[in-house]
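*Asks:* Listed here are the chains, written in short residue letters.
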Amino acid sequence: MTDEEIRSTVLRLLSDIAPEADLASIEPNVNIRDQLDIDSMDFLNFVIAVDKELHVDIPERDYPKLATLDACMVYLSERLKAAGRARPTD
Amino acid sequence: MAIQHVPLIRPERGHALALLREMLRIRRFEEKTAELYQMGKIRGFLHLYDGEEAVAVGAIRVLTPEDAIVATYREHGQALVRGLPMGCLMAEMYGKGNGCSRGRGGSMHFFDVAHRFYGGHGIVGSGLAFAVGLALADKLRDEKRVTACLFGDGAVAEGIFHESLNLAALWKLPVLFLCENNLYAMGTGIERALSETDIALKARSYAIPAEVVDGMDVLAVEAATIRAADAVRHGKGPVFLEARTYRFRGHSMADPQLYRSKEEVAEWMKRDPITNFEERLRDWGLLSDSDVRDMEGSISAEIDAAVAFAEAGPWEPVEDLTRYVTSR
Amino acid sequence: MLKMTYREAVRSALREALRNDPRVFIMGEDVGRYGGYYAVTHGLLEEFGPERIRDTPLSEAAYVGAGIGAAVNGMRPIVEVTTINFSLLALDQILNSAATIRYMSGGQLNIPLVVRMATGAGRQLAAQHSHSLEGWYAHIPGISVLTPATVADARGLLLAALNEPDPVFIFEHATLYPLEGEVDEDTGPAKIGEATVRRAGDQVTLVTYGGSLGKTMEAAGQLADEGIEAEVIDLRSLRPLDMATILASVEKTHRAVVVDEAWRTGSFAGEVGAQIMEGGFDLLDWPVQRVCSAEVPMPYAKHLEEAALPQAGTIVQVVKEMFQ
Amino acid sequence: MAEFRMPILGADMKAGKLVAWRKHPGDEVHRGDIIADVETDKAVIEVEAFVDGVLERTLVEPGETVPVGTILAIIRLEGEPALAEMPAGPPAEAGAPIVARPPAVPLQPPVRLRVPEAGGVRISPLARNLAARLGVDIATVTGSGPGGRIQQRDIEQAAAAMARPAPAAPSEEVPDRQMRMRQAIAAAMARSHRDIPHFHLFTTIDMSRTLTWLASENETRSVADRLLYAILLIKAVACALREVPELNAIWVEDKVVLKPDVHVGMAIVLRGGGLVAPALHHTDRQSLDGLMHDFRDLVQRARAGSLRSSELSDPTITITNLGEQGVEAVFGLIYPPQVALVGFGKIVERPWSVDGQIMSRPLMTATLAADHRALDGFRGSVFLATIDRLLQEPDKL
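Chains as they are written, first to last, in our numbering: chain A, 1 to 90; chain B, 1 to 328; chain C, 1 to 324; chain D, 1 to 397.
By construction, these hints were calculated from the structure, which means they are not laboratory data.
Idealized CB from N, CA, C, for every residue including glycine.
The reader is advised that the hints may include incorrect statements.
Here are the simulated distance ranges between beta carbons [unchecked claim]:
| id | chain 1 | residue 1 | chain 2 | residue 2 | range |
| --- | --- | --- | --- | --- | --- |
| 1 | C | W286 | B | V325 | 30 to 40 Å |
| 2 | C | W286 | D | D395 | 50 to 60 Å |
| 3 | D | H372 | A | K52 | 41 to 51 Å |
| 4 | D | D41 | B | R192 | 18 to 28 Å |
| 5 | B | D304 | C | R15 | 57 to 67 Å |
| 6 | B | V325 | D | A43 | 50 to 60 Å |
| 7 | A | E60 | D | D297 | 15 to 25 Å |
Covered stretches of chain A (in silico footprint by chain D; criterion: 3 or more residues with CB under 8 Å from a CB of chain D, positions within the stretch not fixed) [as the list claims (entries may be wrong)]:
| id | segment |
| --- | --- |
| 8 | 29 to 41 |
| 9 | 67 to 80 |
Chain A extracted, bound-state conformation:
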């Protein structure tokens, strides 16, 4: 998957969790939970969705590594590369 594909997937999954949020104007380096008013139930549902969609099982100890959108991108592309499925953006 390209970074761009990862990014759009993450945004789509976040919009499922917080439909009212305006994802276009999301700040990439600000804490997602605060921006989108997401509580621990929502975040768990997001982690489950990522696992289902991208088959990346995020252990609880890695939760802090997904605090912001950029952090998510970095974390997920590394995990996908490790699993041999990420490819460099063309």
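Chain A is already provided as a structure; the job is to place chains B, C and D on it using the hints.
*Replies:* What follows is chains B, C and D alone, placed relative to chain A:
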């Protein structure tokens, strides 16, 4: 009371053939309804007349168009002899709108006012009181006509049998009670249902003249009915005929006939009213093979036409479901 | 206007019918020489003879059946079944023949038959002679069921029944026969299927019929003294049932009580209550109430019988509870 | 060729068992001959043929039970040539030839509803009762029932709408719904503050055992089955109520009414403001997984505005977990007619003395607001202590 055997005089050829043809017509009609029932075209209950043809043919042909008939659910033969169109009977059993009761009665409830055929009555014995009523009205208006009430040995055990015969006799009403004693009330033989099995004797206890007749002999039934109807018509009050007969098929289509032996049925079949009468006519030189072939041909054509009439008949529209509940 | 009793009013209608229509004749136990179990047919035998006033043997099934047959064959019989308690012996003829043959024959046969019978309790006749089963008959499509409660209706509804092409069953509450009232002999048959408001009121609707009308009017009087204006509706016929009049009243009062001498469970009052709920749900400010007989075989002792039957006091108490 | 089919031998016969053949392939058959014995639920019945011919072939073996109408044998009529081989193709349709039936028309004549001419609100008793309980003003509700009658669902939607600001509602409508919800909360809180003599207690709970047990538990679980620590708090409160039942009650007509079942209400913050506290039914009897499932479902439906009225109206105690929002301690107001409110603050790493040693421990402040009419401080403190004790043995929850 024993069966009165009156020496039978040889009938005129035309009359004899007509009697035979009517009996054969009933037999073939019942055969076709059995077939259609097993195919699922006729549903519900179906009670067939095989073996008792001589009673209907012998008795009902004697009645005039002004007379009235009250029958039970084993009524196909009686309705056919009375003249109800075969197509309308078949259509009624199909549940079609062109049935004689517009699909609302079925096999057990044929009605035809034009032929004064006042129905199949499904509750054993209920027709007796109804017939008494018809006759009461005739008496009150001095109508010189007969109400023939046909019923089986089963009705004899019902309270209404006692009440109706007593009332008819008490008021000298013009009723011809014709009991088709076929020895079985569904699965109960007469000796297991009636303390006194001589039904005609029971009728006599109401001061009603009663006679026993061989219900397997069409000429005997005819002769007895002529005498009885004549007495009734001339205001002498009710008359009672007990026709001792037998049904070759089960009570209805689901009857495994556990209550009687095959030997008994075979024994009675030797006295089949149709084959015996055929033989007698041949002895008297009144019947030829071609006569029989013609009868079978025309009867089978009539039956095919009746089935076609029923198949083509319209379903009574569901919007008319509640029509005829009352006169409004 | 003529002053007469309920039984005389019935007799006057019978006499008028016998005189005007040769097809009319009366059949029943002791209707002739004995003059009638409740003396309704007293004197008719002498005037019209034994052909048309026919004493029958004790054979309810047979003479009701005979009435049906005679009606089919052009006569206009009026059968008296003495009381509803004995009519149980003729139920098969009534249900499976009278009510059914027209339909089963595809509309070919008409049965213009009138059957009269006394009904109800209140005379210490104990369980077997005190039934109130009009509701059973009103359950049957194909017949009409009339319950004259006043002297005028005793005459008017019988005359109306004689104009009906289909079977009509008239239930005369046994306690009403001595009731005195006014009759205008010129007024012809009453209208079948129309309830009558016997007392206007705008706070609660009391629906009743037949023998219970008296108690219901008495209750309405007591309620008026306590400032509750009750509207009393006399159904006059259970089938056809005049729901329009009932609902029009409930729209005004928003409260309904049905008074019926039958046993509560499966009573006709239950049917009226159900139809008020179905047709007038939004009109109701209180659940429909029923005042019926206690579910017990009618006891002989007077105080027990009175306790079992609906009384004016019971009606007043039920209504007052609806105004807590 | 004539087909001999399994006959219908009774008003309610659906299938029959072929007991024996009385005719065999090659035998002559005449009308009325007995061709087979068939067993119905009554007994064995002899079945006759209605045609003349020769039995060509039997298709069903004795002992088999087949639906009525199934072809049992083929009869070659007189004069017809023998069949070279059996006609291929599927066996004849199993059921009896269904005679075309006219469509059944629903004939229940609709009851003409008499509607009061005069205006006035038309509302079902249930809906009127529910509106009163949820503080919904029926004048503002349009009925969806016949003739505009207001029904249960109309009230539920109104209540939910009050509790949930419409997401993309046009501007002028948002304040209206927001304002209505604020009014409802205001009314409830004002009544709570006016009528209920509150007293507040708090205690600090060492969450280390709970959190370590949860972490190891979640390790063994798939992602989708992970638990949140809030679930353990809920279960602890529910179990503690068993030991201090006075808190699982409501205050009605000047007396406390103990509730037999434990329905813990969970305050759920709705995005963009607003709050609802639906109940997790029978909380004490539920497993942790059950609670997790129910809680997730409640959150989803609360946010979608489709909570059921029973969920909104019958919690027996409420928990508010503002720890998520970073608050350490909550001293809230009770939701009438309940008699207690439990508050949990956020978990903070703090120095904590354990057996005389100062260590860093994840600490959480648990508070209790209680109705002094219903119980006294002593029972309130027993309650909080019980919660603390239960959280120290998370495996037993």
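*Asks:* Now tell me, hint by hint, if it's right for this structure.
*Replies:* Comparing the hints with the structure gives:
For the pair W286 of chain C and V325 of chain B, the supplied restraint of 30 to 40 Å holds, since their beta-carbon distance comes to about 35 Å. A beta carbon spacing of about 57 Å between W286 of chain C and D395 of chain D agrees with the range 50 to 60 Å that was offered as a hint. Checked against the hint of 41 to 51 Å, the pair H372 of chain D and K52 of chain A passes, with Cβ atoms roughly 50 Å apart. Hint check: D41 of chain D to R192 of chain B, Cβ distance near 24 Å, so the stated range 18 to 28 Å holds.
The supplied range of 57 to 67 Å is met by D304 of chain B and R15 of chain C, whose beta-carbon atoms lie about 60 Å from each other. Evaluation of the 50 to 60 Å hint for V325 of chain B and A43 of chain D yields a failure: the beta carbon distance comes to about 39 Å. For E60 of chain A and D297 of chain D, the Cβ-Cβ distance of about 22 Å falls inside the hinted range of 15 to 25 Å, so the restraint holds. Beta-carbon proximity to chain D at under 8 Å applies to 4 residues in the segment 29 to 41 of chain A; the threshold of 3 is reached and the given coverage holds.
Beta-carbon proximity to chain D at under 8 Å applies to 0 residues in the segment 67 to 80 of chain A; the threshold of 3 is not reached and the given coverage is violated.
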